[in-house]
Amino acid sequence: MSALEKSMHLGRLPSRPPVPGSGGSQSGSKMRMGPGRKRDFSPVSWSQYFESMEDVEVENETGKDISFAKWLLLHEQKLGCVIFNYSYTFRVYKSGSEGPVLLLLHGGGHSALSWAVFTAAIISRVQCRIVALDLRSHGETKVRNSEDLSAETMAKDVGNVVEAMYGDLPPPIMLIGHSMGGAIAVHTASSNLVPSLLGLCMIDVVEGTAMDALNSMQNFLRGRPKTFKSLENAIEWSVKSGQIRNLESARVSMVGQVKQCEGITSPEGSKSIVEGIIEEEEEDEEGSESVNKRKKEDDMETKKDHPYTWRIELAKTEKYWDGWFRGLSNLFLSCPIPKLLLLAGVDRLDKDLTIGQMQGKFQMQVLPQCGHAVHEDAPDKVAEAVATFLIRHRFAEPIGGFQCPSDPRYPVTWTASLDYSPGDVDPSPIPSAIRC
Numbered sequence: 020m021s022a023l024e025k026s027m028h029l030g031r032l033p034s035r036p037p038v039p040g041s042g043g044s045q046s047g048s049k050m051r052m053g054p055g056r057k058r059d060f061s062p063v064s065w066s067q068y069f070e071s072m073e074d075v076e077v078e079n080e081t082g083k084d085i086s087f088a089k090w091l092l093l094h095e096q097k098l099g100c101v102i103f104n105y106s107y108t109f110r111v112y113k114s115g116s117e118g119p120v121l122l123l124l125h126g127g128g129h130s131a132l133s134w135a136v137f138t139a140a141i142i143s144r145v146q147c148r149i150v151a152l153d154l155r156s157h158g159e160t161k162v163r164n165s166e167d168l169s170a171e172t173m174a175k176d177v178g179n180v181v182e183a184m185y186g187d188l189p190p191p192i193m194l195i196g197h198s199m200g201g202a203i204a205v206h207t208a209s210s211n212l213v214p215s216l217l218g219l220c221m222i223d224v225v226e227g228t229a230m231d232a233l234n235s236m237q238n239f240l241r242g243r244p245k246t247f248k249s250l251e252n253a254i255e256w257s258v259k260s261g262q263i264r265n266l267e268s269a270r271v272s273m274v275g276q277v278k279q280c281e282g283i284t285s286p287e288g289s290k291s292i293v294e295g296i297i298e299e300e301e302e303d304e305e306g307s308e309s310v311n312k313r314k315k316e317d318d319m320e321t322k323k324d325h326p327y328t329w330r331i332e333l334a335k336t337e338k339y340w341d342g343w344f345r346g347l348s349n350l351f352l353s354c355p356i357p358k359l360l361l362l363a364g365v366d367r368l369d370k371d372l373t374i375g376q377m378q379g380k381f382q383m384q385v386l387p388q389c390g391h392a393v394h395e396d397a398p399d400k401v402a403e404a405v406a407t408f409l410i411r412h413r414f415a416e417p418i419g420g421f422q423c424p425s426d427p428r429y430p431v432t433w434t435a436s437l438d439y440s441p442g443d444v445d446p447s448p449i450p451s452a453i454r455c
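In this note's numbering, the protein residues as written are 20 to 455.
These aren't lab readings, by the way, just hints derived from the structure by calculation. Here the structure is a predicted model, which is why all the values come from computation and not from measurement. You may find that some hints are simply not true.
[Said to hold, decoys possible] Ranges between beta-carbon positions, derived for each pair:
1. 413 - 66: 49 to 57 Å
2. 236 - 346: 13 to 21 Å
3. 169 - 251: 30 to 38 Å
4. 419 - 335: 42 to 50 Å
5. 390 - 237: 26 to 34 Å
6. 166 - 210: 16 to 24 Å
7. 334 - 117: 40 to 48 Å
8. 423 - 248: 17 to 25 Å
[As the list claims (entries may be wrong)] Calculated cross-link-like contacts (lysine-lysine; reagent style DSSO-like; alpha-carbon spacing at most 27 Å):
9. 161 - 113
10. 278 - 161
11. 380 - 400
12. 161 - 400
13. 380 - 161
Beta carbons: idealized from backbone N, C-alpha and C, even for Gly.
Sequences are here, hints too, so could you generate the full structure?
Below is the structure:
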């Protein structure tokens with residue numbers, strides 16, 4: 020067969036399937052944009068989704084004012100050096116000027132930026148204010164004793180931030196939390212740390228399934244990359260691995276999850292540092308010192324090639340996991356305010372919540388075809404569910420022509436028999452407390 024004939028036959032064959040990228044997943048390959056088009060994994064600024072950013076100063080753990088820290092910071096700036104780190108600030112991102120405040124708490128390892136796309140979606144549907152908070156040891160929040168991630172401490176942090184922002188007369192507030200943040204929202208509500216609390220929402224966190232998952236959490240964390248070559252590389256991994264199934268959200272969210280390795284400002288800057296170490300080693304005549312410097316060289320080479328790492332080592336927080344989730348279902352059910360539970364699958368319900376839902380103690384909506392990061396994977400659907408909840412309870416007014424998608428007399432869209440089917444309605448009597 021001639022070369023021309025081979026060419027003609029090959030031209031009739033279907034194109035080869037795309038070669039999966041390293042660490043890619045089935046969900047990642049489905050999101051490909053077609054031949055010849057590459058997805059943009061570049062990071063996006065928070066300012067495209069939030070109106071403002073603020074570092075909120077609060078009282079420290081002993082309840083004393085941090086005015087001394089301000090004085091110390093002023094003198095550090097004059098001297099050009101750090102005397103002692105007394106900073107105790109919480110990073111918040113804000114949008115909106117009227118209506119109730121939606122105080123958003125992210126999951127473990129994430130940051131307030133995970134709520135970016137959701138914020139844009141909810142602000143366009145209902146009149147409200149957004150305050151997305153970086154919890155301690157996460158994002159850009161700076162506190163002393165940052166390794167204390169107990170549920171009690173983080174719940175107090177939330178209360179302190181509300182007090183620092185609004186004083187003794189806070190506006191109506193609805194707590195919305197994802198995963199770990201959902202657990203902290205419940206602990207905050209049950210401890211009455213937010214006096215103006217009007218509603219509570221948990222996203223994909225249930226005591227039973229959370230406790231069962233703790234046994235495999237360390238294996239999951241060990242399976243993640245420890246470093247990334249760039250922000251683009253981190254964003255690409257998050258999408259292709261299925262950790263975040265929405266590229267738009269990943270481009271802004273991953274910025275809050277990773278940081279530059281210490282001592283490295285850029286791959287170019289790290290090169291000169293490594294070369295300096297090599298030159299010193301060549302001049303060194305003693306073998307033991309040479310070995311030590313070679314180790315430093317290897318460490319710096321690793322940082323040069325992978326200058327980004329996780330902001331928080333979640334594996335080291337294991338001792339707090341049990342305290343986040345144990346007893347969570349009963350705490351959630353006991354909160355005497357309207358409650359909403361959003362899940363990625365009805366199979367996540369435990370016994371206590373199943374009974375509580377059938378008794379009409381909270382509203383629930385299942386958002387299928389989402390991963391664990393429900394508010395990132397389907398921000399529009401989550402925004403619609405939250406907006407509907409706010410409107411039905413007359414906590415907020417709709418804007419932009421938004422209308423509740425179903426009959427407002429019914430609080431949920433699933434059946435009491437757990438045979439979930441979109442559009443089904445719980446046939447059990449609806450308590451007057453949750454009627455509009």
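Next on the checklist: I want to verify a distance hint. Is the separation of the beta carbons of residue 166 and residue 210 within 16 to 24 Å?
Outcome noted: The hint (16 to 24 Å, Cβ to Cβ) holds, given that residue 166 and residue 210 are roughly 22 Å apart.
Next on the checklist: Just to be sure I understand the hint, the distance between the Cβ atoms of residue 390 and residue 237 should be within 26 to 34 Å; is that true here?
Outcome noted: Violated, at about 20 Å.
Next on the checklist: Verify the CB-CB distance for residue 413 and residue 66 against the hinted window 49 to 57 Å.
Outcome noted: 32 Å, violated
Checklist entry - Under the criterion that the straight-line Cα-Cα distance not exceed 27 Å, is the pair residue 161, residue 400 satisfied? => result 33 Å, violated
Checklist entry - Can the suggested window of 13 to 21 Å be confirmed for the beta-carbon pair residue 236 and residue 346? => result The hint (13 to 21 Å, Cβ to Cβ) holds, given that residue 236 and residue 346 are roughly 19 Å apart.
Checklist entry - Quick one: are residue 334 and residue 117 within 40 to 48 Å, going by C-beta? => result At roughly 43 Å between Cβ atoms, residue 117 and residue 334 fall inside 40 to 48 Å, so the hint holds.
Item to check | Pair hint residue 161 and residue 113, alpha-carbon separation not exceeding 27 Å | outcome: Answer holds: residue 161 to residue 113 is near 18 Å, not above 27 Å.
Checklist entry - Given the hint that residue 380 pairs with residue 400, does the C-alpha gap stay at or below 27 Å? => result Holds. Residue 380 to residue 400 sits at ~22 Å (cutoff 27 Å).
Next on the checklist: Next pair to validate is residue 380 with residue 161; report whether the Cα-Cα distance is within 27 Å.
Outcome noted: 37 Å, violated
Checklist entry - Is the gap between the beta carbons of residue 423 and residue 248 within 17 to 25 Å? => result 46 Å, violated
Next on the checklist: So if I understand the rule, the pair passes when the alpha-carbon distance is 27 Å or less; does residue 278 with residue 161 pass?
Outcome noted: Holds: residue 278 and residue 161 sit about 14 Å apart, inside 27 Å.
Item to check | 42 to 50 Å as the expected CB spacing between residue 335 and residue 419, which holds or is violated | outcome: Taking Cβ atoms as reference, residue 419 and residue 335 lie about 44 Å apart, which means the hint holds.
Hint check: violations occur at hints 1, 5, 8, 12 and 13; the rest are consistent with the structure.
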